[in-house]
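Protein chains in written order, with my numbering: chain A, 1 to 145; chain B, 146 to 300.
If you're looking for bench data, these hints aren't it; they were derived computationally from the structure.
Model, not experiment: these values are computed from the prediction.
Ideal placement from N, C-alpha and C gives every residue a C-beta, glycine not left out.
Mixed in with the good hints, there may be bad ones.
As the list claims (entries may be wrong) - Using 25 angstroms as the maximum straight-line C-alpha spacing, the simulated BS3-like pairs for lysine-lysine come out as follows:
hint, chain 1, residue 1, chain 2, residue 2
1, A, Lys69, A, Lys124
2, A, Lys52, A, Lys136
3, A, Lys109, B, Lys269
4, A, Lys79, A, Lys136
5, B, Lys150, B, Lys269
6, B, Lys222, A, Lys124
Stated by the list, open to error - Residues on chain B that point at chain A, a partial pick, calculated with CB under 8 angstroms:
hint, residue
7, Ile184
8, Pro185
9, Cys186
10, Pro188
11, Val194
12, Ile196
13, Gln198
14, Asn200
15, Ile201
16, Pro203
17, Ala293
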Amino acid sequence: MTDFWYISVVFDGRYLLVPQNEVESVEIIADVQIQPEGGAVGWFFEHGFESKVFCLSHDFSLLSSIPEKREYLILLKNKQPVGITCDEVEHINIQQEHLYLQDLPVVMKTPQSPISQLLIYQEKIGCVCRSAALIKYLNYLTTDK
Amino acid sequence: MEETKTSRAWLLDFGEGLQAAVGHHEMWQIIISPTLFNIPCTPPCCSNVLIFQGNILPVLDIPILLEREPTSVTSNKIIGIAVYQDDPNHPIHYGCFHLATMPQNIYVSDDEACELSAQQRHWKALALSSFCLNDVAIPIINLAYLFAAEFHNNL
Chain A
1 MTDFWYISVV
11 FDGRYLLVPQ
21 NEVESVEIIA
31 DVQIQPEGGA
41 VGWFFEHGFE
51 SKVFCLSHDF
61 SLLSSIPEKR
71 EYLILLKNKQ
81 PVGITCDEVE
91 HINIQQEHLY
101 LQDLPVVMKT
111 PQSPISQLLI
121 YQEKIGCVCR
131 SAALIKYLNY
141 LTTDK
Chain B
146 MEETKTSRAW
156 LLDFGEGLQA
166 AVGHHEMWQI
176 IISPTLFNIP
186 CTPPCCSNVL
196 IFQGNILPVL
206 DIPILLEREP
216 TSVTSNKIIG
226 IAVYQDDPNH
236 PIHYGCFHLA
246 TMPQNIYVSD
256 DEACELSAQQ
266 RHWKALALSS
276 FCLNDVAIPI
286 INLAYLFAAE
296 FHNNL
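Produce the entire structure from the sequences given, and follow the hints as far as they go.
Structural data, given as structure tokens:
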């Protein structure tokens, strides 16, 4: 049965959606221990996790510090969850909201891109990413850093 | 006497001296100064999308695609929406490109067929055929291939 629930996060005006069942939890930024290292801005040590936390900018590049507007982080499911900070978080059901996922056009694909689909949300374009693809992308960004 | 076939087409100006033609039925609409949305982690030749009738359409920058040195910043003023099918039994698709000027309605006849020049080899992979217009060879481009993964993977 198709799961229509997604976690929608916003950072720097960019909408990113991840399937809800691929998100471990939503946490507050105050629980992040600031410790920039290897591309990460810090660590999240709650709930038995030791999770690296990253900040992405509007163009999905890595930020080296946490912008003031970041209030939350989502932990992406993984052997060791990985955190991505955001300004806002929302829990949405795309079917109930009449939102339609469209595959990323083939001409827009790049080997490293974590984006699999797009959707029109709040009069903007949301980027839909699978958790595994996002984690792979973060690993790609932080290789040799 | 053999009849010369004449077909209606659109002459497209992509800027940077790049012109091509498509079939008359292949241009769906022209949009002036639309809102474009930038998508991260995309190739430079196609980093924006347009919302059109509830669909999210890619917008190609042909000069960047064909690796032409830009002499000016690509304007968002004129966007052409093309319609194509990769197979007659498959659904139609829409794709967009930046245009430098409004498309021109032209008529192309079989006896205007000519070869692309050596300086136009950047069009070779995309051209179905070409014709001579005002002493310039104009490629008739394969839109389905232009927007296909196969073409972009081979770049």
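Just pull the numbers of the violated hints for me, sorted ascending. 13
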